[in-house]
Amino acid sequence: MEEKVAAETKEVVSLPRLGEPAPAFEAVTTQGPVRLEDFKGSWLVLFSHPADFTPVCTTEFMGFAEIHPELKKRDVELLGLSVDSVSSHIAWVRNIEEKMGVKIPFPIIADLNKEVATLYGMIHPGESKTETSRCVFIIDPEGVLRAMIYYPLTTGRNMQEILRLVDALQTTDKHKVATPANWKPGEKVIVPPPNTQEMAEERLKEGYECKDWYFCKKKL
Amino acid sequence: MACINPDGTLTPSAKAILSAVSSPASLEEVAKSTGLPLFRIRSSIREMLEAGLAEEKEGKYAATKLGQEKI
Chain A
1 MEEKVAAETK EVVSLPRLGE PAPAFEAVTT QGPVRLEDFK GSWLVLFSHP
51 ADFTPVCTTE FMGFAEIHPE LKKRDVELLG LSVDSVSSHI AWVRNIEEKM
101 GVKIPFPIIA DLNKEVATLY GMIHPGESKT ETSRCVFIID PEGVLRAMIY
151 YPLTTGRNMQ EILRLVDALQ TTDKHKVATP ANWKPGEKVI VPPPNTQEMA
201 EERLKEGYEC KDWYFCKKKL
Chain B
1001 MACINPDGTL TPSAKAILSA VSSPASLEEV AKSTGLPLFR IRSSIREMLE
1051 AGLAEEKEGK YAATKLGQEK I
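Here the protein sequences line up with chains A and B, keeping their order.
Start counting the first sequence at 1; every next residue gets the next number (this note's numbering).
Start counting the second sequence at 1001; every next residue gets the next number (this note's numbering).
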């Protein structure tokens, strides 16, 4: 009985939802205070890491710095976050530059009171009650949350997958198509399936590469 | 504040932004002329408005007399 009550009163970690406005915030960063609205008009990759001065996070930061120029070409800004202080962030990025020769060009939120981390469901108590997990949120120029990735503390993220995801979302917006499994830029895309019988009958005559009425691809 | 040092002087990026608004300019124009990302221009200009270093008129921003003195 006691166990049942404990389970019922357990805190529920809320996560933001895809397709809805990303939760607004104002935060202190290594490049000064920022608000989510400051990024309006650009894509934003907001990501969290567990802690400064830890090895997996250091490899990830070098990875994010490496893809930063590619993200800029796609009009994407990067914004990091952990529950460490600004001083800790500054010391860490200086250390990465000194020891690894990699300059970190993007701001990092110092979320000491866990305000942003809570808004975005970045803390998963089953993993750690004091650190943010490895989360990625892709927010479009209108401020809508378009994709989320959650990785555990032990597993560094795949930077190429983040780039691929940005490419897929931007391709979807530009061409009104979907992208198949393992899609990469330059490959064929999925034509959205017909949603009426009439459209289904027409689909096979429309010049797409079709396996059946619901499964058609095209080159861009 | 990110733009203003504790001794009241301006940071290098704040000076660059204020110089870019020595004549009225939009946020996008400031981003282009300074090479800084638009989100930094937005947050910096917000601080400068609060500090009385810049003012907004019809969607464009310009350094105030105080702002000109700080450059």
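What the hints contain is simulated information worked out from the structure, not anything from laboratory work.
Please note that a few of the clues may not be correct.
[As the list claims (entries may be wrong)] 20 Å max Cα-Cα, derived EDC-like pairs, lysine to aspartate or glutamate:
id, chain 1, residue 1, chain 2, residue 2
1, B, Lys1060, A, Glu37
2, B, Lys1032, A, Glu70
3, A, Lys40, B, Glu1047
4, A, Lys72, A, Glu142
5, A, Lys129, A, Glu142
[Stated by the list, open to error] So the derived list for chain B, only partly shown, Cβ under 7 Å to chain A, looks like this:
id, residue
6, Lys1032
7, Gly1035
8, Phe1039
9, Ser1043
C-beta: ideal position from N, C-alpha, C; glycine also.
Checked hints:
{"no.": "1", "hint": "Lys1060/B / Glu37/A", "verdict": "holds (18 Å)"}
{"no.": "2", "hint": "Lys1032/B / Glu70/A", "verdict": "holds (19 Å)"}
{"no.": "3", "hint": "Lys40/A / Glu1047/B", "verdict": "holds (18 Å)"}
{"no.": "4", "hint": "Lys72/A / Glu142/A", "verdict": "holds (17 Å)"}
{"no.": "5", "hint": "Lys129/A / Glu142/A", "verdict": "violated (32 Å)"}
{"no.": "6", "hint": "Lys1032", "verdict": "violated (13 Å)"}
{"no.": "7", "hint": "Gly1035", "verdict": "violated (12 Å)"}
{"no.": "8", "hint": "Phe1039", "verdict": "holds (4 Å)"}
{"no.": "9", "hint": "Ser1043", "verdict": "holds (5 Å)"}
Hint compliance for this structure: hints 5, 6, 7 are not met, and every other hint is.
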